[in-house]
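Novice: So you can see what is in the structure, the chains are spelled out below.
Protein chains: 2
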Amino acid sequence: MKHQDNHPFDIATGLTGEDTTRHGRTSDLYANMVGPFGGIIAATLLRATFDHESRQGTPVALTVNFAAPVSEGGFDIAVKVIRTNRSTQHWCMELSQQGQTAATATAVYAIRRDSWSSTELPPPPAVSDSGAGVRVTAEGLPAWVYRYDIRYVKGGIPPLIEIRDEKAFLGSEGIQWIRDEPGRAMDFFSLTAICDSFFPRIYVRRNQFVPAGTVSFSVYFHAGAEDLSAVGDSAVLGHARANRFYKTYFDQNAEIWSQDGRLLATSSQIVYFKE
Amino acid sequence: MKHQDNHPFDIATGLTGEDTTRHGRTSDLYANMVGPFGGIIAATLLRATFDHESRQGTPVALTVNFAAPVSEGGFDIAVKVIRTNRSTQHWCMELSQQGQTAATATAVYAIRRDSWSSTELPPPPAVSDSGAGVRVTAEGLPAWVYRYDIRYVKGGIPPLIEIRDEKAFLGSEGIQWIRDEPGRAMDFFSLTAICDSFFPRIYVRRNQFVPAGTVSFSVYFHAGAEDLSAVGDSAVLGHARANRFYKTYFDQNAEIWSQDGRLLATSSQIVYFKE
Numbered sequence: 001m002k003h004q005d006n007h008p009f010d011i012a013t014g015l016t017g018e019d020t021t022r023h024g025r026t027s028d029l030y031a032n033m034v035g036p037f038g039g040i041i042a043a044t045l046l047r048a049t050f051d052h053e054s055r056q057g058t059p060v061a062l063t064v065n066f067a068a069p070v071s072e073g074g075f076d077i078a079v080k081v082i083r084t085n086r087s088t089q090h091w092c093m094e095l096s097q098q099g100q101t102a103a104t105a106t107a108v109y110a111i112r113r114d115s116w117s118s119t120e121l122p123p124p125p126a127v128s129d130s131g132a133g134v135r136v137t138a139e140g141l142p143a144w145v146y147r148y149d150i151r152y153v154k155g156g157i158p159p160l161i162e163i164r165d166e167k168a169f170l171g172s173e174g175i176q177w178i179r180d181e182p183g184r185a186m187d188f189f190s191l192t193a194i195c196d197s198f199f200p201r202i203y204v205r206r207n208q209f210v211p212a213g214t215v216s217f218s219v220y221f222h223a224g225a226e227d228l229s230a231v232g233d234s235a236v237l238g239h240a241r242a243n244r245f246y247k248t249y250f251d252q253n254a255e256i257w258s259q260d261g262r263l264l265a266t267s268s269q270i271v272y273f274k275e
Numbered sequence: 001m002k003h004q005d006n007h008p009f010d011i012a013t014g015l016t017g018e019d020t021t022r023h024g025r026t027s028d029l030y031a032n033m034v035g036p037f038g039g040i041i042a043a044t045l046l047r048a049t050f051d052h053e054s055r056q057g058t059p060v061a062l063t064v065n066f067a068a069p070v071s072e073g074g075f076d077i078a079v080k081v082i083r084t085n086r087s088t089q090h091w092c093m094e095l096s097q098q099g100q101t102a103a104t105a106t107a108v109y110a111i112r113r114d115s116w117s118s119t120e121l122p123p124p125p126a127v128s129d130s131g132a133g134v135r136v137t138a139e140g141l142p143a144w145v146y147r148y149d150i151r152y153v154k155g156g157i158p159p160l161i162e163i164r165d166e167k168a169f170l171g172s173e174g175i176q177w178i179r180d181e182p183g184r185a186m187d188f189f190s191l192t193a194i195c196d197s198f199f200p201r202i203y204v205r206r207n208q209f210v211p212a213g214t215v216s217f218s219v220y221f222h223a224g225a226e227d228l229s230a231v232g233d234s235a236v237l238g239h240a241r242a243n244r245f246y247k248t249y250f251d252q253n254a255e256i257w258s259q260d261g262r263l264l265a266t267s268s269q270i271v272y273f274k275e
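Note that the protein sequences, when read in sequence, are chains A and B.
Take the first sequence: its letter number 103 is residue 103 in the numbering used here, and every next letter is one higher.
Take the second sequence: its letter number 112 is residue 112 in the numbering used here, and every next letter is one higher.
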C-alpha cells in the first residue's frame with residue numbers, strides 16, 4: 001500500500017522509531033475539542049502494526065479503548081505481536097505520554113482467501129450521486145472536520161438540522177457522503193478514521209451539543225487492499241445510528257459503503273455523554 | 001452481585017489466585033467443538049476484572065480476541081488495571097496456557113449516573129411468550145448447548161431449518177429466547193456468554209455446518225447491576241444477523257432484550273469460516 005507522504009492525514013498518522021516502540025506527534029490539523037480526533041488516533045495505532053516487519057496479512061478487526069485525552073505533542077506506541085498463526089495474527093498496542101497510558105488497542109490480521117461471499121445488510125436508501133447532500137460547513141467546528149468533505153444525506157448536527165427543517169426528526173440516524181480533504185486514495189488507515197467520522201449520535205438525537213467522548217471503538221474490515229484501491233479517492237457512503245442511550249453512555253453502529261455498493265467496514269463504539 | 005457457587009456456569013467461570021494472576025480450568029460442561037464455548041471464556045475474562053479489589057463501577061465494554069483454541073485443563077489470566085479515572089476504569093487481560101497466549105481482552109468499566117435515556121433500536125417482532133419458539137435439541141451438538149434453554153423464534157441451524165420447513169429462508173437473521181440451564185439469576189457474566197450464544201450465522205445462512213471460529217468479540221452493556229437483578233432467571237430475547245460474508249470472514253451483530261423490552265446489551269463479532 002502506497003503511503004501518501006505529503007497528505008495531512010499521512011503526516012498526522014506518521015510514525016518513527018523501532019517496530020516495537022513507535023513515536024508519533026499530534027497534528028493541529030486533526031484536533032478535536034479535547035485532544036485529537038479519535039479516528040486519527042485509531043488510524044495511527046493501526047499503522048503501528050501495519051508497518052511492523054513481522055506483519056502478516058491485512059486487518060480484520062481493530063479495537064481502541066480511549067483511556068484519557070491525548071495531549072498536544074509527542075506520544076509513544078508500544079507494539080506487541082501476541083501470536084502469529086498460519087492465517088491470523090494478533091496484536092496489542094498501547095499509546096502513552098510521559099509514561100501514562102492514554103489508549104490501548106488490539107488488532108487481528110488475517111491472510112484472506114477467496115470464498116463464498118454475500119452482503120446481507122441492505123445499503124442505505126440509494127443515493128447515487130456523491131455530490132448529493134448538504135455539505136457540512138466546518139466553521140466553528142473542531143479542526144478535523146476541515147479535513148473531510150462531508151455531505152449529509154440524512155441527519156446532521158445543529159444548526160444543520162434547523163437549516164434542513166428537520167426539527168421534527170427524532171432519531172439519531174445519519175447518512176453521509178465522506179472523503180478526505182484534500183482527496184486521498186483510500187487505505188486501511190483512512191477507512192478506520194472514516195468509521196469514526198460520525199458526530200456523536202447524541203448531538204443528532206437531541207439537536208444540541210453536549211460533552212461526549214468515545215471510550216471504546218471497533219472496526220471490522222470487509223475489504224482487502226485491492227478493494228480499497230478500487231475505491232481510490234472517491235467519496236464513500238456512511239450510515240450510522242445509536243441503539244440505546246442509558247445512564248451516561250450510548251452506543252452507535254456505522255457502516256461504510258463504496259459507491260458501487262460494497263460494504264467496506266462495519267464499526268461500533270460506546271460513548272460517554274453528559275447532559 | 002451474588003455468586004451462585006453451585007451452578008455449572010459459576011464453576012466454569014470460577015477463578016482462584018491473586019488479583020493480578022488468576023487461575024481457571026476449562027469445564028467439560030461448556031465444551032465446544034474445539035476448546036470451550038467462546039462465551040464462557042469471555043465471561044471468565046470479565047470475571048477476572050470484576051472480582052479485582054481495585055474494580056470501580058460496572059462493565060460498559062468488553063472485547064475478547066481469540067488467538068488460539070484453549071486446551072482442556074488449567075489456564076492463567078494476567079489482569080492489569082491500565083488506568084482509573086474519576087468515572088471510568090480501563091483493563092487489559094491475557095489468557096495463557098503453558099506460557100502461550102490463547103486470548104487477549106480489554107474491558108472498560110464506569111460509574112454510571114442517571115441521565116436522559118432512550119432506546120432507539122426497535123425490539124424484534126414481538127413475541128410475548130418466552131415459551132414460544134422451537135426448542136433446540138442439543139443432541140449431537142457440543143456440550144455447551146445443553147447448558148442453555150434456547151427456543152428459536154426465527155432462524156435456526158440444520159436440521160432445524162428443515163423441521164421448520166424454512167428451506168427457502170435465505171437470510172442469517174435469528175431470534176431466540178434463551179436462559180441458562182438450569183436457571184440462574186442474570187449477571188454481567190451470564191449476559192456476556194449469552195451474547196455469544198448465537199450459532200455462527202454461516203450455519204443459518206447456508207443451512208450447513210462449516211468450520212467457523214470467532215476471532216474478535218465485543219459486548220457493550222446497557223444495563224446496571226439492578227437492571228440485571230430485575231431480569232432474574234427469566235429467559236431473554238436475542239436477535240442476531242450477519243452483515244457481510246467476505247473472503248473467509250463474516251461479522252455478526254446481536255442484541256439481548258429483557259422480557260419487559262429493555263435492551264440489555266449489544267454485541268458484535270467477526271468470525272473465520274471455511275467453505
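Treat the hints with care, as some may be off.
Derived CB-CB ranges, DEER-like [claimed, not checked]: (1) B:R135 with A:G74: 39 to 45 Å; (2) B:S54 with A:S87: 34 to 40 Å; (3) A:S54 with B:A78: 18 to 24 Å; (4) A:G224 with B:Q208: 24 to 30 Å; (5) B:T84 with A:S71: 17 to 23 Å.
Hints were generated in silico from the structure; no laboratory data involved.
Quick reminder that beta carbons are idealized off the backbone N, C-alpha and C, glycines included.
Novice: Hint by hint, work out which the structure violates, then give me just those numbers in ascending order.
Specialist: Result: hint 1 breaks, nothing else.
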